[in-house]
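Since chain A is already given, all that's left is putting chain B on it; use the hints.
There are 2 protein chains.
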Amino acid sequence: MRIEVLSTGTELLRGRSVDTNLGAIARELEAVGGEVRYHATCGDDLARLVEELKLAASRADVCIMTGGLGPTEDDLTRAAVEEALHRPLRFRPALWRAIRSRFRRLGVRVAAINRRQAFLPGGAGALANANGSAPGFRLEADGLLLFALPGPPREALPMFRRFVVPELARRLRKDWDLWEGKAIGLPEADVDALVRRIVGKRATYGLTVSGGVVSISVRTGGPSRRKILRDLSMRVRRALGRRFIDAPIEEVVARLLAKRCLTIAVAESCTGGLIAHRLTNVPGISASLLETAVTYSNGSKVRRLSVPEEVLRKRGAVSPEVAAAMAEGMARSSGADVGLATTGIAGPAGGTREKPVGLVYTAVAFRGKTAVTERRFGGGRPDVKDRAATHALNLARIVLQEG
Amino acid sequence: MRIEVLSTGTELLRGRSVDTNLGAIARELEAVGGEVRYHATCGDDLARLVEELKLAASRADVCIMTGGLGPTEDDLTRAAVEEALHRPLRFRPALWRAIRSRFRRLGVRVAAINRRQAFLPGGAGALANANGSAPGFRLEADGLLLFALPGPPREALPMFRRFVVPELARRLRKDWDLWEGKAIGLPEADVDALVRRIVGKRATYGLTVSGGVVSISVRTGGPSRRKILRDLSMRVRRALGRRFIDAPIEEVVARLLAKRCLTIAVAESCTGGLIAHRLTNVPGISASLLETAVTYSNGSKVRRLSVPEEVLRKRGAVSPEVAAAMAEGMARSSGADVGLATTGIAGPAGGTREKPVGLVYTAVAFRGKTAVTERRFGGGRPDVKDRAATHALNLARIVLQEG
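Quick note, the sequences are listed as chains A and B, same order. Mind the numbering: the first sequence is residues 1 to 403 in the working numbering, read in order. Mind the numbering: the second sequence is residues 1 to 403 in the working numbering, read in order.
Chain A on its own, in the form it takes in the complex (with noise of 0.2 Å):
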């Protein structure tokens, strides 16, 4: 089943917005065996749009689209459909009541533009939107199963998993499986090497870095695929070790300390705040998360977390001494099982010949012991902070494991 994704936006193709939907779209219809091969995106030009729909119903058995169905008149997803698949829009009287009743509900006045989302493809099935006004639809037409969602995500995927994904999976006949981890700490190159050893002719594996992680996806297909599966994720997971992990790195923590009966406190600086942001996204973390803290300021470094001042004169902020420091001493104060802190230089300024942007000395305080690392990571701010956080979350599952 050839699968077309066709993103409409001129926000996406001026670099307003990112298109985080065709991601999301991709990852369910493969949990089904189905795979997208076509991505398109489109701005919100009338021409264009039918443009890329001809496309579509010529080399693609499905299309979903996202975004064009709104109220105003840069939303041309319905007009687009009519000319490039030959169904004149018509009115819809009970949709217009499902919308009227909508907006009455919600206590808003209904406007008069809203009348346009009445309108349908002739053929075409209405698909409720639990999240907003826009309705979407569904059609089938000169050969495309098409279905047509809205733009925001929030609105976009509850209305995709409840009437894209069932039809195509009775569709569907999952033939494969798939197998994932990720590989944290080691180079691309090592991780290649490695997993092209263990699979050979076996599957065929795929990879991608972000942030320091390495994922690998591992896919195979015929009877004994699950077997197969079975026996190289083993293999390749006792030949990565502990540099193996098999779901983001701060649900790995988060995992170890709930399975422990651990808590947990934080003290950042050049991470500011992205550590607490990661580990807070993890659903019940409430349990082990006692406290996190960004000291930015000398100040709060020594009021926050008794960090000697000589310490911070001698060596400055940013040198392992400090980071040990804060690491116990947040431990200390919070009551926490663990201590976890950041010092380094994110940039773009404050950067010197001894310290340069990007060094960074992470520490873990866990029973009376402190493991201090030292590393220089590249990129700008944004990538010091990612990458700095990945490491120290590392660093706390390492110490967890070993202690």
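None of these hints come from the bench; they were simulated from the model. There could be a bad hint or two in this list.
Identical chains share a label here; the pair holds if one copy fits it or two copies do between them.
In the SDA-like style, the derived pairs of lysine to any residue whose C-alpha atoms are separated by at most 20 Å in a straight line are [said to hold, decoys possible]:
{"no.": "1", "residue 1": "K355", "residue 2": "S286"}
{"no.": "2", "residue 1": "K174", "residue 2": "G15"}
{"no.": "3", "residue 1": "K201", "residue 2": "D45"}
{"no.": "4", "residue 1": "K174", "residue 2": "R225"}
{"no.": "5", "residue 1": "K54", "residue 2": "R109"}
{"no.": "6", "residue 1": "K201", "residue 2": "A189"}
{"no.": "7", "residue 1": "K201", "residue 2": "R225"}
{"no.": "8", "residue 1": "K201", "residue 2": "D74"}
{"no.": "9", "residue 1": "K54", "residue 2": "R138"}
{"no.": "10", "residue 1": "K201", "residue 2": "P153"}
{"no.": "11", "residue 1": "K174", "residue 2": "G222"}
{"no.": "12", "residue 1": "K355", "residue 2": "R255"}
{"no.": "13", "residue 1": "K227", "residue 2": "L178"}
{"no.": "14", "residue 1": "K227", "residue 2": "E402"}
{"no.": "15", "residue 1": "K201", "residue 2": "D175"}
{"no.": "16", "residue 1": "K201", "residue 2": "V50"}
{"no.": "17", "residue 1": "K314", "residue 2": "G351"}
All figures in this text were calculated on a predicted structure; none of them were measured in a lab.
Chain B in isolation, oriented as in the chain A frame:
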């Protein structure tokens, strides 16, 4: 000039990675008067790549490709260009010397497979990659000007700026201008009505919404375009009043603090470090941001922020009284001029009938007064964190502008 961006990489079509190159390329092209007309994403599949390249050659003048230049077997850009544009690959001894010398400099052994990267289509010129081992190339063939860049943004974007932008800027002649601003705390439909009324037929405009902020862009051409935009933008700003901001909210807050030599400290509960993360993304914030804390547990609220235990017991952690006490306690204990605090229920668990998921109290303590708001945010855990952080930063802005 019809510009196409062709993003390659199976990881993009499988939702393992999000394409951020498109947006960055689009924004920088716009600054020199170019716009992306076509965009497609293509997996690492030779036949598909050839098909997309032929399509690009048939509809575009310029194609900017990203990805597929690595040394491994799924890096197919060179082979696809060879086939689609009929330019056989040729070994380039000078390029191979450059690749080897780069590896030598890094003290890494060059692998035999890296030799593949020294083959380029006939007539192509190599583009040096300062941040990675994969060279790009530039080729004019079949009426198409093609730039092939690596996939990772930190390699692709510097090369795009160095090699692509200057050439395209020379060829383009910009004949329009753009004004951009943001509205915060107002529904999109209201912003739309307001901007539409002001802009009329004198320009075109677009709106995009993200995390409670509506971004507005107004564009027009003609000889008096600067004057028109000055007039329209002044009127939009005036109509929006204090709901207008000219930059991301964290930058606006950072600027206000710096201008008035004020310091801030942040106590977060439900936003879990996201306010700190956003503020610390602004270079130079260390002069204004004394410290932040994520006080997840009641104990840490009492100990760090001196929230009275009785208030916590009687009103619960998610209450206007606790938000106010957190903001005041944070300002007092850190010595900051401004104290900002959030407490709420990010979900998915923890909601009750009286205090549902998404309920968030925000407080700003400044000059002896504390402002508190109650809001109910929709969406999942990441949405609630995101919107609550935006709202909190905006409340700080309003208090600072008024106080």
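Item to complete: If the cutoff is 20 Å on CA atoms, where do K201 and V50 land: within, between, both or neither? Let me know, please.
Response: Intra 43 Å, inter 25 Å, cutoff 20 Å: neither.
Worksheet item: Which holds for K227 with L178 at a C-alpha limit of 20 Å: within a copy, between copies, both or neither?
Response: So K227 and L178 pass the 20 Å test inside one copy only (12 Å; across, 58 Å).
Fill in: K355 and S286: within-copy, between-copy, both or neither at 20 Å Cα
between (36 Å within a copy, 17 Å between copies)
Discussion item. Regarding K174 and G15, is the shortest C-alpha distance of 20 Å or less found within a copy, between copies, in both, or in neither?
Written reply: The answer is between: 18 Å across copies meets 20 Å, while 36 Å in one copy does not.
Discussion item. One pair to classify: K355 and R255, alpha carbons no more than 20 Å apart. Within, between, both, or neither?
Written reply: neither (35 Å within a copy, 27 Å between copies)
Worksheet item: Between the shortest in-copy and the shortest cross-copy C-alpha distance, which are at most 20 Å for K201 and R225: within, between, both, or neither?
Response: within (13 Å within a copy, 62 Å between copies)
Item to complete: Classify it for me, K201 with A189: is the Cα-Cα distance of at most 20 Å met within a copy, between copies, both or neither?
Response: Answer is within; shortest intra-copy Cα gap is 19 Å, inter-copy 56 Å.
Discussion item. Reference check for the pair K314 and G351, CA-CA at most 20 Å: within, between, both, or neither?
Written reply: Classified as within; 18 Å inside a copy, 49 Å across copies.
Item to complete: Tell me, please, which holds for K227 and E402 at an alpha-carbon limit of 20 Å: within, between, both or neither?
Response: neither (31 Å within a copy, 67 Å between copies)
Item to complete: Using 20 Å as the alpha carbon limit, work out where K174 and R225 are close: within a copy, between copies, both or neither.
Response: within (12 Å within a copy, 56 Å between copies)
Worksheet item: Given a CA cutoff of 20 Å, do K201 and D45 count as a within-copy pair, a between-copy pair, both, or neither?
Response: Classified as between: cross-chain Cα gap 18 Å, same-chain 46 Å, threshold 20 Å.
Worksheet item: For K201 vs D74, is the C-alpha pair at or below 20 Å within one copy, between two copies, both, or neither?
Response: Answer is between: at 15 Å across copies they meet the 20 Å cutoff, but 50 Å inside does not.
The structure fails to meet hints 5, 10, 12, 14 and 16 from the earlier list, while all remaining hints are met.
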